[in-house]
Amino acid sequence: DQQVKQNSPSLSVQEGRISILNCDYTNSMFDYFLWYKKYPAEGPTFLISISSIKDKNEDGRFTVFLNKSAKHLSLHIVPSQPGDSAVYFCAASLNSGGYQKVTFGTGTKLQVIP
Amino acid sequence: DGGITQSPKYLFRKEGQNVTLSCEQNLNHDAMYWYRQDPGQGLRLIYYSQIVNDFQKGDIAEGYSVSREKKESFPLTVTSAQKNPTAFYLCASRIRDTLGQAVTGVQPQHFGDGTRLSIL
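Protein sequences appear in the order of chains Z and L. So the first sequence is residues 12 to 125, counted in our numbering. So the second sequence is residues 381 to 500, counted in our numbering.
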């Protein structure tokens, strides 16, 4: 049962345009959502997070939007740069017996074309 | 420079052999994790440890074992019982894994660069 889904395995965007990466989840108990970025042969690095009580969080070129009623979140990158080309993982966290259990999506490969 | 070091980067195993993947962190983090990544799949949790001398099974622990004798180290052994060990293995750590996070906000995990295990 995939509780966190990223239905687009890949996305191509022109440099300077907006990249929108989507993520859907099924468990309404998730209390935090995170986005990680991963380059080939490297581990994921944390990008941005959002609490379930918020609907938007912004950090520079990166903005995450949360729609709780639709159980959907999205990551917007504006403007997109070639260095943003990577795999982006959506993750959701919930408190399970005093432990924050994190569930990852399958990732979306973003290619930013110069 | 603080971080997580995984070694080796590439590892080959013969059928029936146990192999141990190393994970060391100098971030002074209490919690450590092992994940497995397969093509087209997300990161799946193998084992986690919230504190020294304690560890818990994750979602796919069968065929794996861990130890946490030191705060800095969380080695993963892939045993011969693991039927499909070929994968990319990621180690992660986090500053704490307690209910304190509900107040201070979620603490993201820090990841190593992974070990790719292949079967000969």
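If you are wondering where the hints come from, they were derived from the structure by calculation, not from laboratory data. In this text the structure is predicted, and so the values were computed from the model without any measurement. A portion of the hints provided could be inaccurate.
[Stated by the list, open to error] Per the computed footprint, the stretches of chain Z lying under chain L, defined by three or more beta-carbons under 8 angstroms from a beta-carbon of chain L, are:
1. 49-56
2. 84-95
[To be verified] No farther apart than 30 angstroms at their CA atoms in a straight line, the calculated lysine-lysine pairs in the DSS-like style are these:
3. 16/Z to 394/L
4. 389/L to 463/L
5. 120/Z to 389/L
6. 16/Z to 450/L
7. 67/Z to 112/Z
Quick reminder that beta carbons are idealized off the backbone N, C-alpha and C, glycines included.
So, going through the hints one by one against the coordinates:
no.	hint	verdict
1	49-56	holds (count 5)
2	84-95	violated (count 0)
3	16/Z to 394/L	violated (35 angstroms)
4	389/L to 463/L	holds (21 angstroms)
5	120/Z to 389/L	holds (22 angstroms)
6	16/Z to 450/L	violated (35 angstroms)
7	67/Z to 112/Z	holds (22 angstroms)
Comparing the model with each numbered hint stated earlier shows that hints 2, 3, 6 do not hold.
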